[in-house]
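**Q** Chains as they are written, first to last, in UniProt numbering: chain A, 1 to 305; chain B, 1 to 249; chain C, 1 to 370.
For the record, the hints were derived by calculation from the structure and aren't laboratory data.
Heads up, a few of these hints could be off.
Unchecked claim - In silico BS3-like pairs for lysine-lysine, Cα to Cα no more than 30 Å straight-line:
#1 B:Lys232 x B:Lys70
#2 A:Lys65 x B:Lys74
#3 B:Lys74 x A:Lys143
#4 A:Lys164 x B:Lys49
#5 B:Lys49 x B:Lys182
#6 A:Lys95 x B:Lys49
#7 A:Lys164 x B:Lys175
#8 C:Lys309 x A:Lys95
#9 B:Lys109 x B:Lys182
#10 C:Lys286 x B:Lys232
#11 C:Lys164 x A:Lys95
#12 A:Lys143 x B:Lys182
#13 B:Lys232 x B:Lys114
#14 B:Lys117 x A:Lys95
#15 B:Lys232 x A:Lys164
#16 B:Lys175 x B:Lys109
#17 B:Lys116 x B:Lys74
#18 A:Lys131 x B:Lys182
#19 B:Lys49 x C:Lys164
#20 B:Lys74 x B:Lys232
#21 A:Lys120 x C:Lys164
#22 C:Lys143 x A:Lys95
Unchecked claim - Anything over 10 Å on all C-beta distances counts as not near chain C; from chain A, calculated:
#23 Arg15
#24 Thr16
#25 Asp97
#26 Lys143
#27 Val264
#28 Arg280
Positions of the beta carbon are idealized from the N, C-alpha and C atoms, including for glycine.
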Amino acid sequence: MIELFNNLFFDHTLRTVALGAGALGIVSGALGSFAVLRRQSLLGDAISHAALPGIALAFLLTGNKSALVLLSGAAIAGAIATWLVTNIAGLTRVKYDSALGIILSVFFGFGLVLLTYIQKQPNANQAGLEKYLFGQAAAIVEKDVLIMAGLGLVALFLLFLFWKEFKLLSFDRDFGTTMGYPMALIDFVLTTLLVLAIVIGLQTVGVVLMSAMLIAPAVAARQWTDNLAIMVLLAAFFGALAGVSGTVASSTISRMPAGPAIVVAVSFLVVLSILFAPRRGVIWQRGRDYLLRQRFRALGGKKDV
Amino acid sequence: MPTNALDVSDLTVAYKEKPVLWDIDLTVPPAVLLAVIGPNGAGKTTLIKSILGLIPTVAGSVRIYGRPYKEQRKQVAYVPQRGTVDWDFPTSVLDVVTMGLYGTLGWLKRPGKKEKKLAMEALEMVAMQDYAHRQISQLSGGQQQRVFLARALVQQAEIYFMDEPFQGVDAMTEKAILRLLKDLRSAGKTVIVVHHDLQTVPEYFDWVTLLNTRLVANGPMEEVFTEANLEKAYGGRFMQLKATARALP
Amino acid sequence: MFSPQVEIMLIASVVAVACAIVGVFLVLRSMAMMSDAISHSVLLGIVLAFFLTRDLASPALIIGAAVMGLITVFLVEMLHQTRLVYEDAAIGIVFPLLFSIAVILISRHAANIHLDTDAVLLGELAFAPFDRFIYQGVDLGPKALYIMGAILMVNIFFITIFFKELKIVTFDPQLAAVLGISPVVVHYALMSLVSITAVGAFDAVGSILVVALMIAPPATAYLLTDRLHIMIGLSALLGVASALGGYAMAHYLDASIAGSMATVAGLIFAIAFLFAPGRGLLSVAKRRVEQRWNFALVTLAIHLWHREKLSPVVGNAYAIQELRQHLRWSSTYFTSVMERALKQGLIAKRDQYVQLTEEGRNLAREGQGF
Ligand SMILES: Nc1ncnc2c1ncn2[C@@H]1O[C@H](COP(=O)(O)OP(=O)(O)OP(=O)(O)O)[C@@H](O)[C@H]1O
Ligand SMILES: [Mg+2]
Numbered sequence: 001m002i003e004l005f006n007n008l009f010f011d012h013t014l015r016t017v018a019l020g021a022g023a024l025g026i027v028s029g030a031l032g033s034f035a036v037l038r039r040q041s042l043l044g045d046a047i048s049h050a051a052l053p054g055i056a057l058a059f060l061l062t063g064n065k066s067a068l069v070l071l072s073g074a075a076i077a078g079a080i081a082t083w084l085v086t087n088i089a090g091l092t093r094v095k096y097d098s099a100l101g102i103i104l105s106v107f108f109g110f111g112l113v114l115l116t117y118i119q120k121q122p123n124a125n126q127a128g129l130e131k132y133l134f135g136q137a138a139a140i141v142e143k144d145v146l147i148m149a150g151l152g153l154v155a156l157f158l159l160f161l162f163w164k165e166f167k168l169l170s171f172d173r174d175f176g177t178t179m180g181y182p183m184a185l186i187d188f189v190l191t192t193l194l195v196l197a198i199v200i201g202l203q204t205v206g207v208v209l210m211s212a213m214l215i216a217p218a219v220a221a222r223q224w225t226d227n228l229a230i231m232v233l234l235a236a237f238f239g240a241l242a243g244v245s246g247t248v249a250s251s252t253i254s255r256m257p258a259g260p261a262i263v264v265a266v267s268f269l270v271v272l273s274i275l276f277a278p279r280r281g282v283i284w285q286r287g288r289d290y291l292l293r294q295r296f297r298a299l300g301g302k303k304d305v
Numbered sequence: 001m002p003t004n005a006l007d008v009s010d011l012t013v014a015y016k017e018k019p020v021l022w023d024i025d026l027t028v029p030p031a032v033l034l035a036v037i038g039p040n041g042a043g044k045t046t047l048i049k050s051i052l053g054l055i056p057t058v059a060g061s062v063r064i065y066g067r068p069y070k071e072q073r074k075q076v077a078y079v080p081q082r083g084t085v086d087w088d089f090p091t092s093v094l095d096v097v098t099m100g101l102y103g104t105l106g107w108l109k110r111p112g113k114k115e116k117k118l119a120m121e122a123l124e125m126v127a128m129q130d131y132a133h134r135q136i137s138q139l140s141g142g143q144q145q146r147v148f149l150a151r152a153l154v155q156q157a158e159i160y161f162m163d164e165p166f167q168g169v170d171a172m173t174e175k176a177i178l179r180l181l182k183d184l185r186s187a188g189k190t191v192i193v194v195h196h197d198l199q200t201v202p203e204y205f206d207w208v209t210l211l212n213t214r215l216v217a218n219g220p221m222e223e224v225f226t227e228a229n230l231e232k233a234y235g236g237r238f239m240q241l242k243a244t245a246r247a248l249p
Numbered sequence: 001m002f003s004p005q006v007e008i009m010l011i012a013s014v015v016a017v018a019c020a021i022v023g024v025f026l027v028l029r030s031m032a033m034m035s036d037a038i039s040h041s042v043l044l045g046i047v048l049a050f051f052l053t054r055d056l057a058s059p060a061l062i063i064g065a066a067v068m069g070l071i072t073v074f075l076v077e078m079l080h081q082t083r084l085v086y087e088d089a090a091i092g093i094v095f096p097l098l099f100s101i102a103v104i105l106i107s108r109h110a111a112n113i114h115l116d117t118d119a120v121l122l123g124e125l126a127f128a129p130f131d132r133f134i135y136q137g138v139d140l141g142p143k144a145l146y147i148m149g150a151i152l153m154v155n156i157f158f159i160t161i162f163f164k165e166l167k168i169v170t171f172d173p174q175l176a177a178v179l180g181i182s183p184v185v186v187h188y189a190l191m192s193l194v195s196i197t198a199v200g201a202f203d204a205v206g207s208i209l210v211v212a213l214m215i216a217p218p219a220t221a222y223l224l225t226d227r228l229h230i231m232i233g234l235s236a237l238l239g240v241a242s243a244l245g246g247y248a249m250a251h252y253l254d255a256s257i258a259g260s261m262a263t264v265a266g267l268i269f270a271i272a273f274l275f276a277p278g279r280g281l282l283s284v285a286k287r288r289v290e291q292r293w294n295f296a297l298v299t300l301a302i303h304l305w306h307r308e309k310l311s312p313v314v315g316n317a318y319a320i321q322e323l324r325q326h327l328r329w330s331s332t333y334f335t336s337v338m339e340r341a342l343k344q345g346l347i348a349k350r351d352q353y354v355q356l357t358e359e360g361r362n363l364a365r366e367g368q369g370f
């Protein structure tokens with residue numbers, strides 16, 4: 001244990017990786033809260049899968065493998081995917097869930113085509129794109145962390161700035177419109193931030209599992225509080241906790257992939273929260289029901305009510 | 001001539017393929033308590049939403065106190081149907097009511113002490129002050145409705161649009177809400193209410209708009225709330241509603 | 001038997017058809033994302049069954065995977081029923097967890113399991129012809145073809161036998177309850193089919209592209225027809241088209257076969273999305289434009305008609321200038337509506353005045369639903 005803390009503070013690589021994972025957890029937890037509350041949990045899944053062809057195309061077009069270039073490609077592809085899902089569901093009889101499924105899988109399939117195509121190219125520079133599938137925390141370097149933290153700070157700052165507007169959008173969009181707020185624009189900004197949060201996590205967690213980082217911290221946090229601000233803070237904390245513990249696990253246990261480890265950690269938090277959270281938690285509710293029944297019986301009530 | 005509270009002319013609205021409102025002309029004088037009635041699917045909700053710019057219109061114009069709606073937003077308050085929001089949203093009663101002030105606050109500014117105080121006052125008007133810090137999922141249907149009303153009250157508007165505020169509330173709450181609406185009217189405000197219970201229309205309201213895709217009638221209660229008009233609006237269904245005719249003036 | 005290329009195309013087609021025909025019901029029941037969840041979590045079933053049997057070829061793997069598919073559905077419903085988690089969030093929590101556990105197990109025991117995570121995502125269609133079914137020394141063709149063929153038969157069998165039940169539960173759950181058909185039983189039966197199909201297809205195309213084959217062809221067919229049995233047939237056909245087209249594309253680009261199949265399935269959907277008669281974007285846009293003119297004409301007619309009824313004097317003429325002001329249309333729009341109305345004989349014009357014709361009056365009456 002002590003050694004672990006030693007490593008966390010003094011082992012340069014581990015510290016870098018853990019910092020990156022923590023930053024990603026904070027941002028995805030905070031933005032994911034809004035996605036979950038707006039019933040857009042699975043949109044996050046579609047966006048993250050759709051990032052793959054964006055990454056591949058960015059590489060094909062620029063020949064550059066730096067994180068900033070690839071992640072820009074991911075962000076653009078994610079935005080296009082969101083736009084397509086909304087329009088397929090809005091303009092035709094195809095329903096939202098089908099639209100999500102199609103965009104998610106077709107974009108991902110196209111991404112694989114590009115990836116395999118790139119692998120066949122006689123170009124020494126091509127290796128390493130696969131790490132975006134499951135993420136590869138170990139490969140994260142200081143510069144990546146700086147990019148992640150920079151993007152994350154921008155996202156969090158905007159979230160703070162437009163807090164009131166985002167809350168209005170999530171709770172009662174029509175009411176916002178009647179007060180004169182351009183709700184479509186606010187929606188666009190929030191969705192862009194969601195795309196940003198996803199992009200930040202791709203290097204560490206990968207496109208396949210990224211959606212869990214949006215959904216799980218938010219769902220866990222929701223159980224402990226009825227206050228949106230506290231929920232968002234708590235989700236950020238849970239996200240960071242899972243991110244750091246997952247990467248630490250992956251670096252201390254041999255052949256433990258980071259992305260899946262982070263997902264298991266965050267899912268563990270969900271289970272804990274759903275079971276043990278005061279008031280909302282399953283055990284709390286069961287206990288309350290039990291006590292009520294006891295009291296009812298003590299008052300001489302019939303058993304089978 | 002005093003300005004009308006609401007002028008709707010030639011309003012036509014269509015969802016995707018289907019026309020829902022045809023060529024509606026409507027004038028409402030200030031300081032009335034108006035019931036919008038009509039059968040299910042008549043377009044009552046659509047009328048209110050299109051007046052408030054929530055649904056694009058095919059044709060027509062809306063004026064509030066003589067000026068285009070866009071310039072008059074601050075004069076307008078809206079109480080949507082209760083079921084349109086997620087009542088499990090993590091927020092408190094006071095917070096929801098404070099949202100009514102976001103319009104006057106404008107971008108980026110946060111609600112502060114002053115806004116909280118105004119919201120509290122609105123909650124007192126609907127006798128919900130004790131629930132201010134409750135989470136909204138812990139409210140009954142009638143309490144939810146009163147929270148929505150408080151959110152509209154805090155807007156300090158001149159004209160109120162309410163979509164079925166009496167839906168699913170008990171008799172006590174209904175009376176309390178009615179009292180509130182009548183107070184608003186006495187204070188010179190115009191209150192437009194989508195209503196479903198024909199029996200109570202004459203007792204509660206003084207102005208009626210009968211709607212069934214097109215405008216059937218619009219005017220003071222005594223002139224408009226007649227058997228002939230109701231038959232026109234409700235068609236065959238009116239025969240089944242005939243029992244309510246006893247309640248007619 | 002055949003050349004490997006032909007065998008790959010055969011396997012791909014069988015996979016596509018098996019996926020498409022169960023996918024139809026997922027699309028119609030708004031459960032498309034369940035295919036995403038199931039196709040990921042079956043991996044855990046495969047891994048666990050492998051630990052028990054130590055045999056990658058064992059049929060227990062398919063059973064294990066199918067059971068895991070059902071567990072996924074059950075877990076999602078259980079989470080949702082606590083009322084603490086929205087349904088879409090419940091899906092988004094359950095399958096990443098199960099999938100992650102599977103990936104960790106695979107990677108920790110990589111030496112023992114001949115499964116690697118790339119195969120999980122990419123599928124191994126290209127290698128399918130190498131694993132052959134040999135009976136008493138006779139080569140009977142690739143194993144995958146037999147497995148997928150069997151799964152396809154099960155699907156066809158189930159859907160034919162229970163066609164009526166599936167249809168009623170999908171389109172009219174209330175009627176189903178009245179007729180004594182349990183939606184829960186049908187639901188879980190369907191989910192079992194989805195799971196079995198996902199396992200079979202998983203080997204060939206990988207977990208994520210199963211989703212493409214299950215959802216894209218049925219959604220395309222949904223844009224083209226209203227009849228259930230036609231939709232099923234069409235989905236199967238479109239599935240085969242995606243498989244063959246995908247194979248050709250992969251061959252041409254020397255790229256992932258499964259990925260190419262998904263891409264082609266997506267392209268076919270895009271074509272239908274844009275051009276499907278009646279429901280495609282183009283048709284919808286065209287109809288909107290027509291409707292806009294129609295609305296305008298009817299609005300004009302009703303407006304003039306109201307006016308006629310209000311003041312049935314002076315030959316019912318109406319100054320054009322005044323009319324334009326009342327309708328509040330832009331002057332160009334107003335002019336073209338007037339032109340159309342004149343051309344269709346709905347109004348008559350004299351100097352600066354207009355008047356409804358009998359035809360126009362009829363249109364107004366119709367428009368008002370008399
Ligand atoms: N979003 C929508 N898309 C398509 N059609 C709609 C939509 N909303 C309403 N409609 C249709 O418009 C018509 C009018 O609906 P509206 O909700 O305005 O009726 P209503 O008078 O409020 O009915 P109710 O008494 O049931 O509340 C109905 O036929 C309805 O089917
Ligand atoms: Mg309504």
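**Q** Each hint should be assessed against the structure and marked as holding or not.
**A** Comparing the hints with the structure gives:
The suggested pairing of Lys232 of chain B with Lys70 of chain B is violated, with an alpha-carbon distance near 34 Å, which exceeds 30 Å. Between Lys65 of chain A and Lys74 of chain B, the direct Cα distance comes to roughly 53 Å. Violation of the 30 Å bound is thereby established for this hinted pair. Restraint check for Lys74 of chain B and Lys143 of chain A: the C-alpha separation of about 49 Å exceeds 30 Å, so the hint is violated. Taking the CA atoms of Lys164 of chain A and Lys49 of chain B, the gap is about 23 Å. The hint holds against a cut of 30 Å.
Proposed proximity of Lys49 of chain B and Lys182 of chain B is supported: the alpha carbons are some 23 Å apart, at most 30 Å. With a C-alpha separation of about 24 Å, the suggested pairing of Lys95 of chain A with Lys49 of chain B holds against the 30 Å cut-off. A distance of roughly 34 Å separates the Cα atoms of Lys164 of chain A and Lys175 of chain B; the hinted pair therefore is violated under the 30 Å criterion. Our distance criterion of 30 Å between C-alpha atoms is broken by Lys309 of chain C and Lys95 of chain A, whose separation comes to about 45 Å.
This hinted pair does not check out: Lys109 of chain B and Lys182 of chain B have alpha carbons roughly 34 Å apart, beyond 30 Å. Under the criterion of a C-alpha separation no larger than 30 Å, the hint pairing Lys286 of chain C with Lys232 of chain B is inconsistent with the structure, at around 35 Å. Taking the CA atoms of Lys164 of chain C and Lys95 of chain A, the gap is near 23 Å; set against the 30 Å cutoff, the hint holds. Of the pairs offered as hints, the one joining Lys143 of chain A and Lys182 of chain B is violated, with about 66 Å between alpha carbons and a cut-off of 30 Å exceeded.
For the suggested pair Lys232 of chain B and Lys114 of chain B, the alpha carbons sit about 50 Å apart, so the restraint of at most 30 Å is broken. A threshold of 30 Å between alpha carbons decides the hint, and for Lys117 of chain B with Lys95 of chain A the separation of about 44 Å lies outside it, so the pair is violated. At most 30 Å may separate the alpha-carbon atoms for a hinted pair to count; Lys232 of chain B and Lys164 of chain A exceed this at roughly 46 Å. With a C-alpha separation of about 37 Å, the suggested pairing of Lys175 of chain B with Lys109 of chain B is violated against the 30 Å cut-off.
This hinted pair checks out: Lys116 of chain B and Lys74 of chain B have alpha carbons roughly 19 Å apart, not beyond 30 Å. The straight-line distance between the Cα atoms of Lys131 of chain A and Lys182 of chain B is roughly 67 Å, outside the 30 Å bound, and the hint therefore fails. For the hint linking Lys49 of chain B to Lys164 of chain C, the alpha-carbon distance of about 41 Å lies beyond 30 Å, and the restraint is violated. Restraint check for Lys74 of chain B and Lys232 of chain B: not satisfied, since their Cα atoms lie roughly 36 Å apart, outside the 30 Å limit.
Among the hinted pairs, Lys120 of chain A with Lys164 of chain C is inconsistent with the structure: their alpha-carbon atoms are about 50 Å apart, more than 30 Å. Only pairs whose Cα atoms come within 30 Å are accepted, and Lys143 of chain C paired with Lys95 of chain A is rejected, the gap being roughly 37 Å. For Arg15 of chain A, the requirement that its beta carbon stay farther than 10 Å from each beta carbon of chain C is met, with the minimum near 24 Å. Against chain C, the non-interface label of Thr16 of chain A holds: every CB pair exceeds 10 Å, the least being about 22 Å.
A Cβ of chain C approaches the Cβ of Asp97 of chain A within 10 Å, the least distance being about 4 Å, so the stated non-interface status is violated. At roughly 27 Å from the closest C-beta of chain C, the C-beta of Lys143 of chain A stays outside 10 Å, upholding its exclusion from the interface. Residue-level check failed: Val264 of chain A sits 5 Å from the nearest beta carbon of chain C, not beyond 10 Å. Look at Arg280 of chain A: its CB is around 6 Å from the nearest CB on chain C, not clear of 10 Å, so calling it non-interface is violated.
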